[in-house]
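Chemist: Given two chains presented individually in distinct reference frames, assemble the corresponding complex, making use of the accompanying hints.
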Amino acid sequence: MSSDFNIISETHDKILVLRTDGYINNVAGEKILDEFSKSFTEDMNKVIMDLEKSKVVNSIGISYLIDIIEKLNERNGKLVFTNLDPTIDKTFNIMGIFQFAQKAESVEAALK
Amino acid sequence: MIDTDLKLEIKLPKVPDIELVAIQGLEKMGGYFGISEDKIGEARVLVTEAIINGLEHSGGEEPYVNVEFTMTKDKLIILVTDYGKGFDPNSVPAPEIENKLGSKNKRGWGLKLMKSMSDDLVIESKPTGTKISIIKNLS
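Protein sequence lines correspond, in order, to chains A and B.
For the first sequence, this note's numbering assigns the number 134 to the initial residue and increments by one for each residue that follows.
For the second sequence, this note's numbering assigns the number 22 to the initial residue and increments by one for each residue that follows.
Okay, chain B solo, but in the shape it has when bound (with noise of 0.2 Å):
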């Protein structure tokens, strides 16, 4: 095993499932170092919600996103970005089961979940595009 850093770049297009590549790469780093199921299991929710949210966000004329990992035995920092008009992350209200029951849009729990099983994230938005940086702690 090496002691530097693996990375992993992609560029996934807008197609059903893509998450499932990047969720590949993942599981392969990760066996790489030996990292506990548990926390391969949270990473890849990380990377699944993250990758979903941009895709939507992605618009039309870049219907792409880019998808970087940073992983060592000790910590994954995953970047995902996207080039679409951007998005108020302020703005998103933080999702209620109670609500969510009887409501038409039961959608929304991406941020919550990200947020939840991170231990540090940060949205930057702007009308060009929304990167979303995370860091999960794997030891």
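Bound-form chain A, shown alone (with noise of 0.2 Å):
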């Protein structure tokens, strides 16, 4: 497995798309929420976070991604994780993230 991240980002109408690539830890973490913050505009109101590619996430990584709902929170904008690994999706639950952050099976179904 290697350490190196990607990230990219997509706007669809008043939708920011993120889709992260490889093991999000607290390097990858800040780097999204960098992203977030240069990409989300003031007329957007949900971004869809694509974890495809990601299938290892670290605590430390997912303060970022908590960083983000807190922001989107403050906006009443909303945040969909998509094509979670079945463990993200444990961890992720464990934390209580889906109190705050919805969920899809895809982007495209998180776009409808």
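If you're looking for bench data, these hints aren't it; they were derived computationally from the structure.
Model, not experiment: these values are computed from the prediction.
Check each hint, because a few of them may be wrong.
The calculated lysine to aspartate or glutamate pairs, modelled on EDC-like cross-linking and capped at a C-alpha distance of 16 Å, are [said to hold, decoys possible]:
#1 B:60 - A:222
#2 A:223 - B:58
#3 B:60 - B:140
#4 B:125 - A:203
#5 B:35 - B:48
#6 B:32 - B:83
#7 B:125 - A:222
#8 A:188 - B:83
Modeler: Here it is, written out as structure tokens:
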């Protein structure tokens, strides 16, 4: 497993889609937060975070995702995770993430 | 496939992403025994969080953790030892997402994840270091 991490962002109407690739640790978490801060504009209300290519996350990386949830809550926006690995799904469940974020099977489903 | 257990012992220095080395060993061992991806995924979380915790508490004089896996087709035992100042695991508050939102400190989830995903977790900590022992059933 490589520790290289990449993130791609795209917009669909008023929705920001962030696609991650690689291990989500502290450095990756900071990159995700930076990309969100840079790309989530005033007219947007939803972020889709696609984790199809991220099979491992650690708790420090997830703390940055909680930061994004907090920022979205302040703007009445919402976060949808897609393509979650079963272990990441379980991890988010244990942490209570789904009380404040949603999940969908795919980006296409989340865009509907 | 052998009927006895497999062991892996490694000493990991405090460098970024070194936990991935241990995870790679875990995955190889799991593949050898044909362990399900779900179980290996949960073991991956346990190993990652235990090593991160150990390296964080490892201190400047001995910035290493020792990691030991003992695996059979039914069970994984994980031992992670650091040589830092130790900590009182009972003084670590259980994190709640409601409290983390709005708080400056959004970290502190490692122990909760290890408790939730393991079948047994013992933390022995003293001023010369901490040993985390985890049992994960694999069948």
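Chemist: Given the hint that residue 223 of chain A pairs with residue 58 of chain B, test it: the Cα-Cα distance must not exceed 16 Å.
Modeler: holds (13 Å)
Chemist: Please work out if residue 32 of chain B and residue 83 of chain B have their alpha carbons no farther apart than 16 Å.
Modeler: Measuring from Cα to Cα gives roughly 11 Å; hence the hint holds.
Chemist: Does the alpha-carbon distance linking residue 188 of chain A and residue 83 of chain B stay inside the 16 Å limit?
Modeler: violated (31 Å)
Chemist: Within 16 Å, alpha carbon to alpha carbon, are residue 60 of chain B and residue 222 of chain A?
Modeler: Holds. Residue 60 of chain B to residue 222 of chain A sits at ~14 Å (cutoff 16 Å).
Chemist: Sort out whether residue 222 of chain A lies within 16 Å of residue 125 of chain B, counting only the CA atoms.
Modeler: Given that 16 Å is the threshold and the Cα spacing comes to 25 Å, the pair is violated.
Chemist: Straight-line Cα separation of residue 60 of chain B and residue 140 of chain B no greater than 16 Å?
Modeler: Roughly 12 Å separates the two Cα atoms, so the pair holds.
Chemist: For the pair we were handed, residue 35 of chain B and residue 48 of chain B, check the Cα-Cα distance against 16 Å.
Modeler: Violated: residue 35 of chain B and residue 48 of chain B sit about 21 Å apart, past 16 Å.
Chemist: Does the alpha-carbon distance linking residue 125 of chain B and residue 203 of chain A stay inside the 16 Å limit?
Modeler: holds (11 Å)
Consistency with the previously given hints fails for numbers 5, 7 and 8, ordered from lowest to highest.
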